[in-house]
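Asks: Sequence:
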Amino acid sequence: MTEGTPISYEAVSHGTPMTTKSGRTFGTVEHVLEIPAEDLFDGIVVATDDGIRFVDRDRILSITDTAITCDLDDAAVAALPAPDGPPVFHVSALDYEGKSVHDVVRRLFHRPGWKPETD
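Under the numbering used here, the first residue of the sequence shown is numbered 10, with each subsequent residue one higher.
Source of the hints: derived by calculation from the structure; they are not laboratory data. Keep in mind the model is a prediction, meaning the values are calculated, not measured. Among the hints, erroneous ones may be present.
[What the hints assert, rightly or not] With a Cα cut of at most 25 Å, we get these calculated SDA-like pairs of lysine to any residue: (1) K30 x A76; (2) K30 x D80; (3) K30 x T78; (4) K30 x S17.
Can you build the whole structure from these sequences, using the hints too?
Replies: Rendered as structure tokens:
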């Protein structure tokens with residue numbers, strides 16, 4: 010993986026690789042956490058093989074358009090906590106399928122079906 014161009018946390022894309030300080034990829038970006046009222050970057054929620062984990066902003070060394078590098082080693086990655094905030098919801102494009110009256114009315118009023126994010 011190349012170095013990449015440094016970017017703001019606001020430009021981080023879903024699926025960007027997260028790497029340890031040694032360069033090993035341990036997951037991908039699920040979403041970025043921020044405190045908009047204070048314009049502060051709080052950390053990144055990461056999808057790993059062991060589920061959703063949280064990396065605090067103080068553990069992040071660099072953010073580029075190709076990867077996010079953390080100051081974590083393999084032991085620290087294994088000890089990452091799960092996020093402790095409210096659940097994040099994503100729209101499912103498949104909710105626009107179906108022939109029941111409920112499905113037709115939902116599409117008529119442009120109401121997507123919201124489903125909680127799962128590990």
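Asks: So, for every hint listed, does it hold in this structure?
Replies: Now for the hints, and whether the structure bears them out:
For the hint pairing K30 with A76, the CA-to-CA distance comes to about 12 Å; that is within 25 Å, so the pair holds. Between K30 and D80 the alpha-carbon distance is near 5 Å, which keeps this suggested pair within the 25 Å criterion. Restraint check for K30 and T78: the C-alpha separation of about 6 Å stays at or below 25 Å, so the hint holds. Taking the CA atoms of K30 and S17, the gap is near 19 Å; set against the 25 Å cutoff, the hint holds.
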